[in-house]
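**Student:** Could you put together the complete structure from these sequences and hints?
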Amino acid sequence: MDLSFSEEQQLLRDSAERFVDQNCGTEYLRGLRDTEDGFSRDHWKTMAELGWLALPFAEDNGGLDGTPVDTLVLMEAFGRGLVVEPYLPTVILGGGVLQAAGSAAQIESMVEPIIEGNLLLAVGYAEPQARFDLFDVATTAAKDGDGYVLNGHKAVVIHGATADKIIISARTSGNRRDKDGISLFIVDSDASGLDKRPYPTVDGSRAAEIMLDNVKVGADALIGTEGQGLAPLEKAVDHAIAALCAEAVGAMKVLLDTTVEYTKTREQFGQPISRFQVLRHRMADMMMEYEQAKSMALVAALKVDSDDAEERRKAISGAKVQIGKSGKFVGQQAVQLHGGMGMTDELSVGHYFKRLTMIDVLFGNVDHHLKQFSAAA
Amino acid sequence: MDLSFSPEELAFQQEVREWVGANLPVDISEKVLGGGKVTKSDLKRWHKILFEKGWVAPAWPEEYGGTGWSAVQKYIFAEELTRAGAPELLGFSLKMVGPVIFTYGSEEQKAQHLPGILNGDVWWCQGYSEPGSGSDLASLKTKAVSDGDDYIINGTKIWTTGAHEADWIFCLVRTDDSGKKQEGISFLLFPMDLPGIEVSPIITIGGEHSVNQVFFTDVRVPKANRIGEENMGWTYAKFLLVNERNGIAQVGGKKRQLSRIKNLAATSEMAGGLLAEAPSYRQKITDAEIALMALEYSELRFLSGQKLDHAPGTEANMMKVAATQLQQTLSELFIEVAGYYGMPYDGFQDLTGSNEPSVIPDGAQGAMADHLYGRAATIYGGSNEIQRDVMAKVLLSI
Ligand SMILES: Cc1cc2nc3c(=O)[nH]c(=O)nc-3n(C[C@H](O)[C@H](O)[C@H](O)COP(=O)(O)OP(=O)(O)OC[C@H]3O[C@@H](n4cnc5c(N)ncnc54)[C@H](O)[C@@H]3O)c2cc1C
Numbered sequence: 001m002d003l004s005f006s007e008e009q010q011l012l013r014d015s016a017e018r019f020v021d022q023n024c025g026t027e028y029l030r031g032l033r034d035t036e037d038g039f040s041r042d043h044w045k046t047m048a049e050l051g052w053l054a055l056p057f058a059e060d061n062g063g064l065d066g067t068p069v070d071t072l073v074l075m076e077a078f079g080r081g082l083v084v085e086p087y088l089p090t091v092i093l094g095g096g097v098l099q100a101a102g103s104a105a106q107i108e109s110m111v112e113p114i115i116e117g118n119l120l121l122a123v124g125y126a127e128p129q130a131r132f133d134l135f136d137v138a139t140t141a142a143k144d145g146d147g148y149v150l151n152g153h154k155a156v157v158i159h160g161a162t163a164d165k166i167i168i169s170a171r172t173s174g175n176r177r178d179k180d181g182i183s184l185f186i187v188d189s190d191a192s193g194l195d196k197r198p199y200p201t202v203d204g205s206r207a208a209e210i211m212l213d214n215v216k217v218g219a220d221a222l223i224g225t226e227g228q229g230l231a232p233l234e235k236a237v238d239h240a241i242a243a244l245c246a247e248a249v250g251a252m253k254v255l256l257d258t259t260v261e262y263t264k265t266r267e268q269f270g271q272p273i274s275r276f277q278v279l280r281h282r283m284a285d286m287m288m289e290y291e292q293a294k295s296m297a298l299v300a301a302l303k304v305d306s307d308d309a310e311e312r313r314k315a316i317s318g319a320k321v322q323i324g325k326s327g328k329f330v331g332q333q334a335v336q337l338h339g340g341m342g343m344t345d346e347l348s349v350g351h352y353f354k355r356l357t358m359i360d361v362l363f364g365n366v367d368h369h370l371k372q373f374s375a376a377a
Numbered sequence: 001m002d003l004s005f006s007p008e009e010l011a012f013q014q015e016v017r018e019w020v021g022a023n024l025p026v027d028i029s030e031k032v033l034g035g036g037k038v039t040k041s042d043l044k045r046w047h048k049i050l051f052e053k054g055w056v057a058p059a060w061p062e063e064y065g066g067t068g069w070s071a072v073q074k075y076i077f078a079e080e081l082t083r084a085g086a087p088e089l090l091g092f093s094l095k096m097v098g099p100v101i102f103t104y105g106s107e108e109q110k111a112q113h114l115p116g117i118l119n120g121d122v123w124w125c126q127g128y129s130e131p132g133s134g135s136d137l138a139s140l141k142t143k144a145v146s147d148g149d150d151y152i153i154n155g156t157k158i159w160t161t162g163a164h165e166a167d168w169i170f171c172l173v174r175t176d177d178s179g180k181k182q183e184g185i186s187f188l189l190f191p192m193d194l195p196g197i198e199v200s201p202i203i204t205i206g207g208e209h210s211v212n213q214v215f216f217t218d219v220r221v222p223k224a225n226r227i228g229e230e231n232m233g234w235t236y237a238k239f240l241l242v243n244e245r246n247g248i249a250q251v252g253g254k255k256r257q258l259s260r261i262k263n264l265a266a267t268s269e270m271a272g273g274l275l276a277e278a279p280s281y282r283q284k285i286t287d288a289e290i291a292l293m294a295l296e297y298s299e300l301r302f303l304s305g306q307k308l309d310h311a312p313g314t315e316a317n318m319m320k321v322a323a324t325q326l327q328q329t330l331s332e333l334f335i336e337v338a339g340y341y342g343m344p345y346d347g348f349q350d351l352t353g354s355n356e357p358s359v360i361p362d363g364a365q366g367a368m369a370d371h372l373y374g375r376a377a378t379i380y381g382g383s384n385e386i387q388r389d390v391m392a393k394v395l396l397s398i
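As they're listed, the protein sequences go chains F and X. Heads up: the first sequence is residues 1 to 377, going by this note's numbering. Heads up: the second sequence is residues 1 to 398, going by this note's numbering.
Please keep in mind that the hints were generated in silico from the structure rather than gathered at the bench. Keep in mind that this is a model prediction, so the values were computed, not measured. Wrong hints could be hidden among the right ones.
[Stated by the list, open to error] Derived lysine-lysine pairs resembling DSSO-like cross-links, with alpha carbons at most 27 Å apart: (1) Lys371/F to Lys262/X; (2) Lys223/X to Lys110/X; (3) Lys223/X to Lys325/F; (4) Lys180/X to Lys264/F; (5) Lys371/F to Lys284/X; (6) Lys141/X to Lys264/F; (7) Lys110/X to Lys328/F; (8) Lys284/X to Lys325/F.
**Tutor:** Shown next, in the form of structure tokens:
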């Protein structure tokens, strides 16, 4: 066993941290608030140039053959800088679905543009009634000649309004909560009948409601086998969860460091507030939470590709539970220990707190993954 | 001992319920019950309606405009108001500076200020905290230097809620820095439009503007605006803080939130059924409901005159911690129940730029805003860490 990072991974970490430290963080996020896209296309170009958009793709497809641990290294840096570029939806989720089930033609036509930074993806996996169940799909895809016609409502699609193509889960057969009968389709975002309703999310990112009203797609829009879309979707989502856990760890580290630093310089009652025992214990707890979250994020990255379904489920859901709990504690205490300053938009603390609040919900909150874990055991 | 209301109390409850039903403006109660934002003008309108009825300050002594009600009647009144969706009136005026003025103020000050506080014409803000003096409030540095019949004030206050909407400020200033820090503080009242006052907004994490930094540059305030004696301000300040924490339990508001959460859970689907039926949810909502019961009956016990075993009169410290913790538990549960639809948030701007209805379901409106701003509840009014220190020191004598 060896849990140390390779030299390449260290280099990736260094370059990613350098990039986010110079270009990202609270100021950059605030600058994006009034923009329509909600992220920087310049950053996206840079990420393409640095090879990050190619990281998890197979070498045969033009990628770098990166492992989930490589992704973890990158995402931790993203968490440190509050990066909101659509890496998760485009590369991890969208790219993940393509790699898991895409045809040779689909991979050939889409992966290269993704890697070059010319194609943005979003994945519509959630529906208003489904809560966190990926298999709860009411959106329908009915046969229409050679192709399909899609109808339904996809909820809170991350970066849904800026994506060039949206991967949609839709039901080709069965009942709303059947695990069989779900198919995945690539839909152009300007397809006729597709309506996008964009809005900001609490962390300063963007999402959209996607309405499908008789959207026609060809047979070549189907990803993988008809009716068998759940497995590749779950696989891509598990990769996204592992990546998200790493991002959360990066964010928690910033909060821990910032809080320790702040309490050492903030004086009340004639001394730095870091001298007060109750705050020392609180920060020791924050550190414990951070370290355990970090361990669990690593487990998720190491086991996300495991062939043992139980092992994979426990690693991913276990990590998501730990990240949800730790993120909540670290985020809330960071605000608390900063006093009034922690409540300001000006300081970074609140922004990280909000990002962690969002991460807890994405792909299912603590309760949801507790259930997944215990069902797998 | 008897928990039930007497026939007279029940009749009173009925009277209040009917009156509130007929007089609370529907647009205001809809905002309150639906998680909308209540503005100053909403609050003022409701304040004036209560004033006309003579019910604006039940907690005040009758001679100053109070109602002369028993503790139970006051409780019933507060309950009925929150049940109907009435917003909380401006605490800075009615709960804080008003009682200081009628307790420690001169006859002139009472005559000058109490009518405006009661009829809602004058809006107040609280100038206590400073950048260097938060938990350690007594270290405050804003200086008031004597100049004939006036003080000249220089310094700054921070986190001043509503300073941008206030007509007057009650302000702690340093009039002596030779001795113990608590012994050189004075309590001043002055209008916010004096020359030399500048208010600069501070935006909080939810994108809202409610707090400010206030700067004083050579602001001239007559000594006649001082409450009580020079250098005795700390006494009045502490009296006020106790009042600030009174009623902090806000049981009615929490009941309202609990039922909003339940309503949302009862209409949210999960696993093909309803979230309201999920065991993990039921455990959490039940926990919260029991905590709320404990809070309510603690408040009732203290209201009815029972005091803490240890140090009578300091119940407020305990209630503040218990209440704010529960408030945060409820707001977490609320966004948790909202699921993905807890996440859309446009506190800073409305990006859609359209008149389309919000994507957030009606039942979850305001949940995230509450959650974000609510983090401040364990910080302001004396942080919960400080409250626990006080409890240990004063209540437990350790
Ligand atoms: C939304 C909001 C509205 C407010 N409105 C007003 C207002 O209208 N008027 C007004 O005057 N003030 C107002 N305040 C200020 C509020 O009272 C202060 O924020 C509060 O007293 C804490 O002070 P601080 O922010 O300087 O934090 P600090 O005192 O710097 O505290 C930072 C952290 O250290 C902890 N700490 C400090 N001392 C100790 C100790 N001895 N032992 C253990 N822990 C300790 C605190 O609990 C906190 O967690 C408001 C604050 C907020 C956030």
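**Student:** Which earlier hints can't be squared with this structure?
**Tutor:** Hints 3, 7 contradicted; others consistent.
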